[in-house]
Structure formats: structure tokens, C-alpha cells
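Novice: Sequence:
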Amino acid sequence: MSFLLHNQTATNNNSKKLYPYNNDQHIEEKVKKELNFYQNYLQTKFDEKNQDHVNLFLSIYKNIFNKSLNHSEIYNCKDWTNIGFQNKNPITDLRSLNVLGIYIIEYHCQHYNTKIKLNFMKRSYPYACAAFSVIFFIVKELNFTNNSKNNNKLFNLLKKEYFHNHTNFLLEELFIILFNYFDSLWLKHNATYMEFNNIFEIFTKQVNLILEKEPANFSVFKYLLSDWL
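According to the numbering used here, the sequence shown is numbered sequentially starting from 142.
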């Protein structure tokens, strides 16, 4: 089970009729508090002695390969390259994303393992590498390294989504939407491994253009993304 815990209490749905979301300090503070969880993981380096950290890799392996992996095998297992890690030790791929990167991937594998196995792992792009790229895009767009500058289009989308639907796991669900869009672009362009950077450049440009339209929530965001393929 994912170790990121969200202690969010649903707000009375009737209350949102009293004021527009963008003037609601309560909504903004809830989303900022939510993002603080992710920022903490972004700043936390993987610790082999931390069982919560270790469990993320064990969960990914079990969800993808349907078998258990011993703790001692985590850092020397060729199977990781089949998921799209660069070598037998997956920790070397975490880099600046630290625990946040592997946490998001674990969430993806836990909830969408069938799609990952039947679709994403069969693409010509390396799944883990693509996932890290999408996560890094989110981190960059949300200005996680500068809390004073997180009032941007993507942050506003998170506020609107929480206002309308009280969505938990905001960043995880945003990642799912964006990764699916990246995969759709890949298929549309019939891309090859050598075209990864080109496709990701298209992905970045298109997502930012759609965010400029200020979608009302995740559902509208997904619709606009599919409409712009």
C-alpha cells in the first residue's frame, strides 16, 4: 500500500455554492497542504534502511511481475530494466525526484498495473523513464522549489478539481492523465525510441497550451487533451 497518507475531510458540497473557488482561501490552503506532502517526498532521498521506501519498490515489483522480491534483491535485479529503469539497481534513476518519483510510479503500478503490463511496457519507450519525465514536468510546472510562485495555471487546475470533486491524491491522478496523454501522442506519431525527446517536446507544448484555456476540472482537462491529439 502507498505510504503517502492524506488526512483530508470532505467539505459539505453545498458550501461550494456560496463563493467562487478562486476566492476561497480554504480551498487554496487545502491544496497547498496537499502539495506539501509531495514536496516533502521530493526533498527526501531514498533510504535503504527506511522500510516505507523499500516497500515502494517491493510493491512495484509484485504488481508488475506477480511475484515477490527479497529486500536484498532490489538493488541487483535485471527485471527492473524490463520496466524501463536504466540498470539492475533502480535507485540510480531517482536522481532529483528522490522518493517522490518512485512513490508516483508505485501508485500507478498499484492502480493501473494491467494497463502498464499490456500497453505501456510494450511501447518502444522505457516506461519508468517516461514516467519520471512526466513527474519532473509536473514538479517544474508547479514550481515546487519555490513556494511563493505556485499560483500558476496548473495549480489553479488543482484548486478547481478539489473544489468541484474533492479529489484526493491530486498529484497522482494528474500524473495518470498526463501519462496517458503522452502515451497517446506516442502512438499517434508512431514514434520510435530515438524520437523520445521530440515527442516529449510536443507533449510539453500541447499541455501548456491547453492549460492556458483554464479547464474547469480534470474531466474537462482530459477532454481537451484528447481533442487536441
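Calculated directly from the structure, the hints in this document are not laboratory data.
Careful: at least some of the hints might be erroneous.
Said to hold, decoys possible - Quick list of in silico lysine-lysine cross-link-like pairs, DSS-like style, CA-CA up to 25 Å:
| hint | residue 1 | residue 2 |
| --- | --- | --- |
| 1 | K263 | K354 |
| 2 | K229 | K173 |
| 3 | K256 | K173 |
| 4 | K294 | K171 |
| 5 | K203 | K229 |
| 6 | K219 | K171 |
| 7 | K173 | K219 |
What the hints assert, rightly or not - Cβ pair distances, simulated, as ranges:
| hint | residue 1 | residue 2 | range |
| --- | --- | --- | --- |
| 8 | K329 | N191 | 17 to 27 Å |
| 9 | H330 | K190 | 18 to 28 Å |
| 10 | E189 | I318 | 16 to 26 Å |
The beta-carbon is built from N, C-alpha and C at its ideal position, and this holds for glycine as well.
Novice: State for each hint whether it applies.
Specialist: Each hint, compared with the structure:
no. : hint                    : in the structure
1   : K263 - K354             : 33 Å, violated
2   : K229 - K173             : 36 Å, violated
3   : K256 - K173             : 31 Å, violated
4   : K294 - K171             : 17 Å, holds
5   : K203 - K229             : 16 Å, holds
6   : K219 - K171             : 41 Å, violated
7   : K173 - K219             : 39 Å, violated
8   : K329 - N191: 17 to 27 Å : 41 Å, violated
9   : H330 - K190: 18 to 28 Å : 44 Å, violated
10  : E189 - I318: 16 to 26 Å : 32 Å, violated
In the structure shown, a violation is registered for the earlier hints numbered 1, 2, 3, 6, 7, 8, 9 and 10, in ascending order.
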